[in-house]
Structure formats: structure tokens, C-alpha cells
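K.L.:
Just so you know, the sequences run in chain order A and B. Quick note: the first sequence uses this note's numbering, first residue 52, plus one each step. Quick note: the second sequence uses this note's numbering, first residue 52, plus one each step.
Because the hints were derived from the structure by calculation, they are not lab data. What you are looking at is a predicted structure, and each value in this text was computed from that prediction instead of being measured. Careful: at least some of the hints might be erroneous.
One copy or two, it doesn't matter: identical chains are merged, so the pair holds either way.
Cut-off 27 Å, straight-line C-alpha distance, at most; resulting in silico cross-link-like pairs (DSS-like, lysine-lysine) [claimed, not checked]:
no.: 1; residue 1: K396; residue 2: K427
no.: 2; residue 1: K87; residue 2: K268
no.: 3; residue 1: K374; residue 2: K194
no.: 4; residue 1: K394; residue 2: K82
no.: 5; residue 1: K242; residue 2: K469
no.: 6; residue 1: K82; residue 2: K268
Number of protein chains: 2
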Amino acid sequence: MKVIHVGLIGWGTVGSGVVRILRENGPLIEKRLGSKIVLKRIADIDLETERSVKVNREVLTNRAEEVIGDPEIDIVLELIGGMEPARSYIIEALKGGKHVVTANKALLATHLDELCRVAHRYNVDLNFEAAVGGGIPIIRALKEGFVAERIEAIFGILNGTSNYILSTMSNEGGEFAAVLRQAQAQGYAEKDPSFDIEGIDAAHKLAILIKLAFGAKIPFEDIFIEGISDITPLDIQFAQEFGYTIKLLAIAKADGETIEARVHSTMLPSNHLLSTVGGVFNAIFLRGNAVGETLFYGQGAGMMATASAVTSDLIELSRNVLKGTVGRVPTLSLQQTHIMEMKVKDIEDIVRPYYMRFSALDRPGVLSKISGVLGKNDIGIASVIQKGRQVAGAVPVVIMTHEARERNIHRAFKEIDKMDVILDKTMLIRVEGELS
Amino acid sequence: MKVIHVGLIGWGTVGSGVVRILRENGPLIEKRLGSKIVLKRIADIDLETERSVKVNREVLTNRAEEVIGDPEIDIVLELIGGMEPARSYIIEALKGGKHVVTANKALLATHLDELCRVAHRYNVDLNFEAAVGGGIPIIRALKEGFVAERIEAIFGILNGTSNYILSTMSNEGGEFAAVLRQAQAQGYAEKDPSFDIEGIDAAHKLAILIKLAFGAKIPFEDIFIEGISDITPLDIQFAQEFGYTIKLLAIAKADGETIEARVHSTMLPSNHLLSTVGGVFNAIFLRGNAVGETLFYGQGAGMMATASAVTSDLIELSRNVLKGTVGRVPTLSLQQTHIMEMKVKDIEDIVRPYYMRFSALDRPGVLSKISGVLGKNDIGIASVIQKGRQVAGAVPVVIMTHEARERNIHRAFKEIDKMDVILDKTMLIRVEGELS
Numbered sequence: 052m053k054v055i056h057v058g059l060i061g062w063g064t065v066g067s068g069v070v071r072i073l074r075e076n077g078p079l080i081e082k083r084l085g086s087k088i089v090l091k092r093i094a095d096i097d098l099e100t101e102r103s104v105k106v107n108r109e110v111l112t113n114r115a116e117e118v119i120g121d122p123e124i125d126i127v128l129e130l131i132g133g134m135e136p137a138r139s140y141i142i143e144a145l146k147g148g149k150h151v152v153t154a155n156k157a158l159l160a161t162h163l164d165e166l167c168r169v170a171h172r173y174n175v176d177l178n179f180e181a182a183v184g185g186g187i188p189i190i191r192a193l194k195e196g197f198v199a200e201r202i203e204a205i206f207g208i209l210n211g212t213s214n215y216i217l218s219t220m221s222n223e224g225g226e227f228a229a230v231l232r233q234a235q236a237q238g239y240a241e242k243d244p245s246f247d248i249e250g251i252d253a254a255h256k257l258a259i260l261i262k263l264a265f266g267a268k269i270p271f272e273d274i275f276i277e278g279i280s281d282i283t284p285l286d287i288q289f290a291q292e293f294g295y296t297i298k299l300l301a302i303a304k305a306d307g308e309t310i311e312a313r314v315h316s317t318m319l320p321s322n323h324l325l326s327t328v329g330g331v332f333n334a335i336f337l338r339g340n341a342v343g344e345t346l347f348y349g350q351g352a353g354m355m356a357t358a359s360a361v362t363s364d365l366i367e368l369s370r371n372v373l374k375g376t377v378g379r380v381p382t383l384s385l386q387q388t389h390i391m392e393m394k395v396k397d398i399e400d401i402v403r404p405y406y407m408r409f410s411a412l413d414r415p416g417v418l419s420k421i422s423g424v425l426g427k428n429d430i431g432i433a434s435v436i437q438k439g440r441q442v443a444g445a446v447p448v449v450i451m452t453h454e455a456r457e458r459n460i461h462r463a464f465k466e467i468d469k470m471d472v473i474l475d476k477t478m479l480i481r482v483e484g485e486l487s
Numbered sequence: 052m053k054v055i056h057v058g059l060i061g062w063g064t065v066g067s068g069v070v071r072i073l074r075e076n077g078p079l080i081e082k083r084l085g086s087k088i089v090l091k092r093i094a095d096i097d098l099e100t101e102r103s104v105k106v107n108r109e110v111l112t113n114r115a116e117e118v119i120g121d122p123e124i125d126i127v128l129e130l131i132g133g134m135e136p137a138r139s140y141i142i143e144a145l146k147g148g149k150h151v152v153t154a155n156k157a158l159l160a161t162h163l164d165e166l167c168r169v170a171h172r173y174n175v176d177l178n179f180e181a182a183v184g185g186g187i188p189i190i191r192a193l194k195e196g197f198v199a200e201r202i203e204a205i206f207g208i209l210n211g212t213s214n215y216i217l218s219t220m221s222n223e224g225g226e227f228a229a230v231l232r233q234a235q236a237q238g239y240a241e242k243d244p245s246f247d248i249e250g251i252d253a254a255h256k257l258a259i260l261i262k263l264a265f266g267a268k269i270p271f272e273d274i275f276i277e278g279i280s281d282i283t284p285l286d287i288q289f290a291q292e293f294g295y296t297i298k299l300l301a302i303a304k305a306d307g308e309t310i311e312a313r314v315h316s317t318m319l320p321s322n323h324l325l326s327t328v329g330g331v332f333n334a335i336f337l338r339g340n341a342v343g344e345t346l347f348y349g350q351g352a353g354m355m356a357t358a359s360a361v362t363s364d365l366i367e368l369s370r371n372v373l374k375g376t377v378g379r380v381p382t383l384s385l386q387q388t389h390i391m392e393m394k395v396k397d398i399e400d401i402v403r404p405y406y407m408r409f410s411a412l413d414r415p416g417v418l419s420k421i422s423g424v425l426g427k428n429d430i431g432i433a434s435v436i437q438k439g440r441q442v443a444g445a446v447p448v449v450i451m452t453h454e455a456r457e458r459n460i461h462r463a464f465k466e467i468d469k470m471d472v473i474l475d476k477t478m479l480i481r482v483e484g485e486l487s
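Next up, chain A with everything else stripped away, as it sits in the complex (with noise of 0.2 Å):
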């Protein structure tokens, strides 16, 4: 029986868990796919860091060529992340005739179609099952298990970082900063944490989930990003009033025409099962046309579950090979073919429910102005709270609306914002009510 030889380009965290699982369950491993895989070499520039696990040092080097060139690897498994050098490295392993399996959601989410062409004029396979949602295996459901579907809406939450400091904001209380310096101190936030915060990371994933599920190429610039830091306790209590939480949603609709394509803070009813998934885990709902509704839960990132997706990619195509198939489930879901130019709906485009919170001077007449030029913009109102509760000299007064075109409000917050009893810029969050 074939053995199947694998080389691995990035050492790193991820790459330690996947050789600590085709070690600590390379026999079941083994009982699964019927044929042995060997681990044949480990390139990264540092081989001098102490790692979590110890492997011979013979496989190791610091040269990725080495596992590129070398004839024996069948698969490829590239975890070293940002552009380059592993944009080349994939090409080239690609060009070389090996089958490659990614966790890289920031190439990806720039340049998978890129990369998707080049695996299929050298006739490879191309996996990236641990570039979403780390363990939650949803590009296979994508892919195989709703291959039936017409998918109509995903809801996401792909950060783990941001869930975890609204979950921990609407748990315990604190401000923001204060949340989001204590995720640091714990480990769940990186120093820099903009890119978590800011749903860029979210929005990297929404760009892969939305090329399967629609077989749509949109520019990644395109997807409409909000980040979280402007959510403050105030927002959550009267969320929680208001029987929502808050969460940070990556979002995608296909009416047929247009896509949406959006990542921000979201208001969802707080007893959806979105709502309850809670500190760093991750969680993917979505809406088929026959299916209905599903969700998939799990951890979105950390070693071991990132590592799981990375293994359960490598034998997927091991597989292939000791099949002597490939191309057997196309790289986008659609073959190659079939993936069409869609367009992003404008975000001023969308209709919605909103949420506002209006910094105002506690002052008889403010929220008859307010709900005045709300009503000039076809904006209708669905409940009102305005207590007395003083910030900073302004009373917040917060608006939940019926379905109204996002251009509508920002056209009445234009007006709004510059009456002179309103003190500070209003607070936007969408709603997204019973997930249609």
C-alpha cells in the first residue's frame, strides 16, 4: 500500500498540533484511511525556538524549496500565513504537481481565485477547511453536505476575539478598553488587536464563505466592515432591555441579483442560538432553500482545532491520491466554469431594523424633533426608551425602528446630528430580527 508523504512549510502553532495529531492519533488515523502518512519534512526559517513538540531533526530545514522540490511529497501543507512568501510557495508547490491544504484566510480572501486557477490548470487540489472557523468543518458542508442547497443567507460569528469581549461586555459589564485589555492579559487578543477588532479577520473569512456558498467573485474591498469599538455598556444594557444581544456577525444574503456582504456589531434576539454562543468560540449559521435552518458550532481558532481541519484536509486528499482522483469536488464549490462576477449591494442599499441611541439634552421637544425627521425619511419607529439616566450631561435616547432603507437613515442622522440638542454622534447597530 502507498504511503502517503507530506512536507510542511510553517512550524509554527498550527503546524505543531498537526504533527502532534498524526502522532497521538496517527494510528486511528491510519485505520481511517486504510495507508500510513509520513510527515517527511518540516520547513521554517527559526528551527531554534523550543516547540511543544519534538520531531527528528533530520526532516527539518530552513529551506521551503526543500519540501517544494522534493519528488516523494504528495501533499503540501502551507502554515505560515500572510501574503508572501506563501502566496509563492503555494504556486509553486501547485505548478510541481502537489496537492496543497492552506489555513491562510488572509491569501485566501484576496487570492483564491488566483489560486484556484492555477490548481486546476496543473490538475491539483487545493484545501483550506482551517481558514474558517477553525474546527467547524463548514467549507466541507459548503462543498458536500448542503452541495444540494441553494443558500440563501450565512450569519457568522468568525472572530473569536471580538465574541469573546461583547460576550464578556454583556456578562460581566466594563467598558471596551477595559475588556479588551484584560483579553490581552488572558491571551484572547493580540497585542495589536485591530485586526480582530475591526472585523477584518471576520471579513477575510466572509470573502471565503461567500465565493462557496454563492459562487461569487466580489472584491474583497467590497464587504462592508464595521468594527466593535465603538459598542458601549450602554448599547448592551439597552440591547438587553430590549431582549437582544450583541454580537459581532460576518453576514451574506443572495437575492439572485445582488450579494450582501457586511461585518458589524449586530443586534440578534437573545434567544437565537447565535446569541449564545459565547467567549472565543465560533458559530456559523446559515439558511438553505430545502435545508432550512442549521448551525455549526465550535472552536474558531487555537492549535489543536485549527490543526484538526489542517489533518482532516491533508486526508482528504490523501485519499485523492490513493484513489488516483482528483478535482473531484471542485476548489469554489461550482466548478471553475460557473463562478460568475457578482454585484455587492451598497450598504446604503439595505433595509434593515435599526437600533439608535441618540445622545441628547434632557430637554422637553427632543424626541418629537427626533421622531419628526425620522418620519420624513419613511423611518417608522417600533419602541422608544428615554430614561432619565444622565452621561456626561446627555440623556440617551434610544430608538428600535421597523424595516427601513439604511440611505434613509443616514440621511435623517445627517439632519438629526446637527440640532443643537443632540451632543454626540448617534449610535447605528442593525438588527438582524428572525435572520431573513
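We have chain A; now place chain B onto it with these hints.
P.N.:
Structure of chain B alone, referenced to chain A:
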């Protein structure tokens, strides 16, 4: 490009769903598969009853043999359910070199090994995603997404009817019998509901999951099965007071030596994700040694969700046919030769925290008598509720225990239930705390 020819045996609800999906999502499926799926023949003993989808009369036949014997047909869908003639049809189709998709959980729970052996011998594939969790791709997750995992535990809400009944009792109140009648009126429970409410359906699905997760051959009769009909509003109320929710769970755990395999009403912390699964929905909570905790949620039954899973299998097998590959993913996750007989742990040997509700006379010293017997049997008390509520002359005394061995519980109950201060059989509900 080769066209895939499919034959359907059983033109019922799910069969009609498959016809509808192939029609409505056909163009999309073709873009994914890169080929056309043609439903060439449909067999059913009843061709007269009005169906929700129309088909050409010429594809219809009332002889399954005309599907199985058609040399052009690549893949057969068995959707008649039940033991015979479903079993014989599947075996005949496999022997005829046809790949088979089935959703027949009752048959698979008891005959999966036999069917696998036949498929293996005749070098064809057998898929059954729809047999567990309806539209939730849990079979595929076990065989592919979590292929690198040593699965440690599975906790499933696998029966929609009983989950609907327990959810309704929890949210709206009501006695079991009344809520069952309501469920029957709404079409959520069968006329004869025993299969669902007694846990048998959930056990069938658990038997299949155990095979895939642990590679274990266990006799179906060894699964411990208890239904939900003895759950009272009183138990639900006490559960809520303790911060728990009662769910019918299908539980499997592996410790390397034995398998725990049991279906019964279970008390779960109310903030656990599984506790929030309401109505007829299903969910599977799974723990692997690398990926940690994951959850899959979706519709566990219903025409379109089940048909979606059947069609995903059909497409998977079509991909194999198009690539000329077979046996790429072993039917039981492990290669046939590694499936091992394993022992199911006697229910008397399991160790859990327990909820006990005693129906006692409202007399001094009762609690002391009960707790004395528990202590003698090595059962530690975690908390007690004893209120003056009188139910038919009896006072409920409720005890939550620390972890205890079930054998000791039964021994204690034998003594306690004989006391003249005890008026009724004691209610026992197992607790799955941190789901360890």
C-alpha cells in the same frame, strides 16, 4: 460528459422532496457536479395517490425490480423505509453493482454491518446521511470533517417529536399526555407515537453514530433506552429551579475499553447550547480530543431537509461515478477490517450526578430517613428542595446528588421505595453536567 442515471424506490414524502430538489435546484447542482443527474425510474406500490410533485408517467413503475434491474441506472435511492423489502432491495441493488443511498435508520441500526459487507464485496458505495439528524450533515462530519479526531463523546437531540413535547412542556407548561395530544393534532407526533416518545427512534440513530464515531460493533439491544412519558410538569419545574433543562438525549461515550450507549431524559444546565434547541429541531454535540466541543443544529426530519441530505449523498456518489472511484471513504469511517466488537457499559456501572424526586408523606424525619439510606449507599447530596407543595397527598422531596454509581442508586431506591412514608415510585433523572 457522462450523465448520471438514478432510480428511486419509494415515492413518499422524502422521495417527492428529492424530485423537487432535483427540479428546483437542478441547474445549480449541475454547475457544482459538472454533469447532469437524470431520475430515470421511480418505483412505488402506490402510483395513484396524489403527490406534491408531478412526474412523467413513463418513469413510474410499481415493480422495484425495474429500478434495480435497469443496467443504465448508476445509483439507487431506497426511500421506502422499514425492514423488508427495503433490505432485500438494497442488497439486490448492491449486488447488481449499483451504488445505494438510503435514509432507513431502523434498518441501518440493526443491519448496517451486513449491508456494508455486501457493498464492500461488490465494490460499490452505500451512503446514508439522511438516516441521522435529517438535514444536518453529521455522518459526513464523522467520516470526513472529524476524520483526524478521536471522538470522546456524543450527545444528541435526535428525535424531533420528543424534543417538541419536552420544549412545549418547559415553555408553556402542561402534562405530558396533553402536550402529546396537541403535538399529534399539529402533525408533530404520529398517531402511534411510541417509536418517538419511547426513545427507540433516537436509539436507532445513536447506533449508527456509535459505529461511525468509535468503529464499534455493538448489539442494538445493548443500548439502554428510556422514553419521556414519565416526565411531569413538577420535574420540569424543579429542573428549572436548579438551573437545568430536561431533554431526551442520545448519549455515547468511549473510554477506550467500553462504550456508554444510552437514550433517556437528561437534565442539562440551561445555559448549555443543547438546552436552547427548541421545537422539532435536532442537534448533535460532539467532543473530540483535538477539536474540542462542537455542535451541529438543524431540522432533524421533514420532507425537504431530509431530501436535501439524500440528494447530497446522491451527488457524492455521482462524483465517484464520474471519477471512476469507489470506496474512497469507508462506509463505516474505519476500514472494514478495523471495525471491532466492543462492550457496552452496563447502565448500573455508569457514574453521574442524579436528580431524584421522592413522593413522601409530609412528616418530620422523612428527609433524614431518605438521606440516611443514600449516605449508606455512598451517594452524596449536592442540594435539596423540600417545599410544602402537596400533590395528591404527597410532598415532593427533590435531591440533586454528586456523582454516584447507578448501581448504588438502585440499591438505595429499593430500600427507600419500601418505606411507608414513600407514597409513589421515585423519579430518577440522570444529569449531564459539564457534559464530560
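K.L.:
Compare the structure with each hint and give your call.
P.N.:
Each hint tested on the structure:
no., hint, verdict
1, K396 - K427, "within (25 Å within a copy, 69 Å between copies)"
2, K87 - K268, "between (38 Å within a copy, 24 Å between copies)"
3, K374 - K194, "both (20 Å within a copy, 17 Å between copies)"
4, K394 - K82, "between (46 Å within a copy, 20 Å between copies)"
5, K242 - K469, "neither (37 Å within a copy, 65 Å between copies)"
6, K82 - K268, "between (39 Å within a copy, 15 Å between copies)"
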